[in-house]
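Please construct the entire structure, taking both the sequences and the accompanying hints into account.
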Amino acid sequence: MNARILHIASNTFREAVRDRVLYNLIAFALLLSGAAILVGQISIDIERLVVINLGLTAVSLFGIVIAIFIGIGLVSKEIEKRTLYTVLSRPVRRWEFIVGKFFGLSGTLVVNTFFMAIGVFAALFYVSHKFVRADVLVLVALYFIVLEFLIICSLALLFSSFSSPLLSAVFAFSLFVIGSFAEDLRGFAGMAHGFTRWLASGAAYLVPNFSAFNVISSIAHEQPVAAQLILHNTLYALFYAAMAVSGAVLIFENRNLK
Amino acid sequence: MSAIEILGLEKTYKVGFWVKRPKRALHPLHLTVEDGEVFGFLGPNGAGKTTTLKLLMGLVFPTAGSARILGKVWTDPEVKALIGFLPEQPYFYDHLTAHELLNYYAQLSGVPAKDRSRRVESTLQRVGLKDVQGVQLRKFSKGMLQRVGIAQAILHDPKLVFFDEPMSGLDPMGRREVRDLMEQLKHEGKTVFFSTHILSDAEALCDRVAVINKGELRGIGAVADLTSSVQGKVEVIWHGSQVPASMKALGTDCHVTGDTVRTIIKENQIDAAIDALRREHLRLIAITPVRTSLEAYFVEKLQHAETTAGTTA
Chain W
1 MNARILHIAS
11 NTFREAVRDR
21 VLYNLIAFAL
31 LLSGAAILVG
41 QISIDIERLV
51 VINLGLTAVS
61 LFGIVIAIFI
71 GIGLVSKEIE
81 KRTLYTVLSR
91 PVRRWEFIVG
101 KFFGLSGTLV
111 VNTFFMAIGV
121 FAALFYVSHK
131 FVRADVLVLV
141 ALYFIVLEFL
151 IICSLALLFS
161 SFSSPLLSAV
171 FAFSLFVIGS
181 FAEDLRGFAG
191 MAHGFTRWLA
201 SGAAYLVPNF
211 SAFNVISSIA
221 HEQPVAAQLI
231 LHNTLYALFY
241 AAMAVSGAVL
251 IFENRNLK
Chain Y
1001 MSAIEILGLE
1011 KTYKVGFWVK
1021 RPKRALHPLH
1031 LTVEDGEVFG
1041 FLGPNGAGKT
1051 TTLKLLMGLV
1061 FPTAGSARIL
1071 GKVWTDPEVK
1081 ALIGFLPEQP
1091 YFYDHLTAHE
1101 LLNYYAQLSG
1111 VPAKDRSRRV
1121 ESTLQRVGLK
1131 DVQGVQLRKF
1141 SKGMLQRVGI
1151 AQAILHDPKL
1161 VFFDEPMSGL
1171 DPMGRREVRD
1181 LMEQLKHEGK
1191 TVFFSTHILS
1201 DAEALCDRVA
1211 VINKGELRGI
1221 GAVADLTSSV
1231 QGKVEVIWHG
1241 SQVPASMKAL
1251 GTDCHVTGDT
1261 VRTIIKENQI
1271 DAAIDALRRE
1281 HLRLIAITPV
1291 RTSLEAYFVE
1301 KLQHAETTAG
1311 TTA
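Taken in sequence, the protein lines are chains W and Y.
Its first residue numbered 1, the first sequence is counted upward by one per residue in my numbering.
Its first residue numbered 1001, the second sequence is counted upward by one per residue in my numbering.
For the record, the hints were derived by calculation from the structure and aren't laboratory data.
No experiment lies behind these values; they were computed from the predicted model shown.
Be aware that a few hints might be false.
[Stated by the list, open to error] PhoX-like cross-link-like pairs, simulated, lysine-lysine; straight-line CA separation at most 20 Å: (1) W:Lys81 to Y:Lys1139; (2) Y:Lys1248 to Y:Lys1233; (3) Y:Lys1233 to W:Lys258; (4) Y:Lys1233 to W:Lys81; (5) Y:Lys1020 to W:Lys258; (6) W:Lys258 to Y:Lys1214; (7) Y:Lys1072 to Y:Lys1159; (8) Y:Lys1130 to Y:Lys1142; (9) Y:Lys1186 to Y:Lys1159; (10) Y:Lys1014 to Y:Lys1214; (11) Y:Lys1233 to Y:Lys1186; (12) W:Lys77 to W:Lys258; (13) Y:Lys1023 to W:Lys258; (14) Y:Lys1248 to Y:Lys1023; (15) W:Lys130 to W:Lys258.
[As the list claims (entries may be wrong)] Here are some chain W residues the structure puts well away from chain Y; computed CB gaps all over 10 Å: (16) Ala3; (17) Asn11; (18) Thr86; (19) Pro91; (20) Ser164; (21) Glu222; (22) Gly247.
We put the CB at the ideal spot given by N, CA and C, even for glycine.
See the structure below:
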């Protein structure tokens, strides 16, 4: 990787860490452990199912909130506070800045997820008193969650490159919600006719298909995940994130920093 | 080779929410700054100084025109390694320490890893922040942030430094230190281009100045020429409290302050004035040429622009 991108990424990561965002992880781990103890007491035979559902959903939601919360300010805050001026007056190309920011935030979220995953596994161990072979599947679900974060991260960055933090947050969160129902939207498009069909199909394929990444429920029931789905989701997430980051670069390359 | 050649750079913004109206921030600007000069870019607030600097830094894109910096096209990324920039009222990453911030900028500027730490520390020493290098920037005062701003601009030993209102937010001691630093840069052979509306700073530091107002260049020249005795007048000061009739005959007003009298006469009246004082046995204290101040030049250029605009309207 280009050295400047690496430096921008590591600075973004350091900023996020110093911004005490990762402190929520401790709170999360404690909360999850507490919830596991509670669940262990009130549910019989389905403790593991509840802990996996509860834990992975929490990892996903916490991560999405953090991705949006940090991502929306990545560019706009730098313009607003004029920190960008001292960066772009150096031999740094605008695209390097955007890509560096993307990697920095993605790295933050991966580390974030790693620590939250420890919380999930700790809770699982508490309720089962052992690890079983099916627990490996939890790692697949976590991998899909990280892929989701990459997409959200790139979208937050895209919106941040032309919009205010508040609007960027609204856009990114709306896309996350719509994307979570992308399969339903595609189903609706299939049933619609004429212009509505055209419009619904366009929207369904344009929004990120987060429903394909949600395997939490099936993993909780110890159903295996097809290798084809892992490959498909990986390529889809990388392609979608690359497109969104390219869009951000394209906008940012032509933007006057007033 | 000129350090900066601005070839008709201009900028028009589109303003308005629904209906976009063009607003010209900078009329076509032609300007050359020579290598090794300290060049002052003067103008009132909103004159177009910052827009010009942003255009040169590639932060905004020109509507027309171009520029060359250190002999290269100004958009060439290689140019950025040779220049330093201090934006107006700089703000930095809050959670980094001064040392971490400068290290980050050194990385981005391509300072070799083996030199980085030494360069960062010597720069911090130079701007008087060595003792607080481990403190996070959110705890810094405005004046300290300004010093950080200056440090990041000179960190990579650039050939050309752009300062946008470098004295802004500084107390008198801070201003003095920045002035000293700019003089040091000049002695090191650097070219310094700085914008300001504080004329005394420009007069003390600059080789040449340009005056800009409402996006238009109003005047340019060497400070020494602009502040020379162009009026052909001298100030005469003598000891006493009386004004001899022969001095009054020269047709000038005399001002008595305590036990000294002061008047301004034409250069060709010097001999007559000395004779008059000698006849009255009055002690001459000083005869000094009346110099046009940079402020007078600045005000004249702005007033001229206003008059021209009024006539045109």
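Do the hints match the structure? See the list:
1. W:Lys81 to Y:Lys1139: Holds, at about 16 Å.
2. Y:Lys1248 to Y:Lys1233: The given pair, whose Cα atoms are some 16 Å apart, holds under the 20 Å limit.
3. Y:Lys1233 to W:Lys258: violated (47 Å)
4. Y:Lys1233 to W:Lys81: Measuring from Cα to Cα gives roughly 51 Å; hence the hint is violated.
5. Y:Lys1020 to W:Lys258: Answer holds: Lys1020 of chain Y to Lys258 of chain W is near 16 Å, not above 20 Å.
6. W:Lys258 to Y:Lys1214: holds (17 Å)
7. Y:Lys1072 to Y:Lys1159: holds (13 Å)
8. Y:Lys1130 to Y:Lys1142: holds (17 Å)
9. Y:Lys1186 to Y:Lys1159: Status holds; Cα separation ~10 Å.
10. Y:Lys1014 to Y:Lys1214: Measuring from Cα to Cα gives roughly 16 Å; hence the hint holds.
11. Y:Lys1233 to Y:Lys1186: violated (33 Å)
12. W:Lys77 to W:Lys258: Holds - the C-alpha atoms of Lys258 of chain W and Lys77 of chain W are around 13 Å apart, at most 20 Å.
13. Y:Lys1023 to W:Lys258: holds (13 Å)
14. Y:Lys1248 to Y:Lys1023: violated (55 Å)
15. W:Lys130 to W:Lys258: violated (58 Å)
16. Ala3: violated (7 Å)
17. Asn11: Label violated. Min Cβ-Cβ 5 Å, cutoff 10 Å.
18. Thr86: violated (6 Å)
19. Pro91: violated (4 Å)
20. Ser164: Fine: 14 Å to the nearest Cβ keeps Ser164 of chain W off the interface.
21. Glu222: holds (43 Å)
22. Gly247: holds (19 Å)
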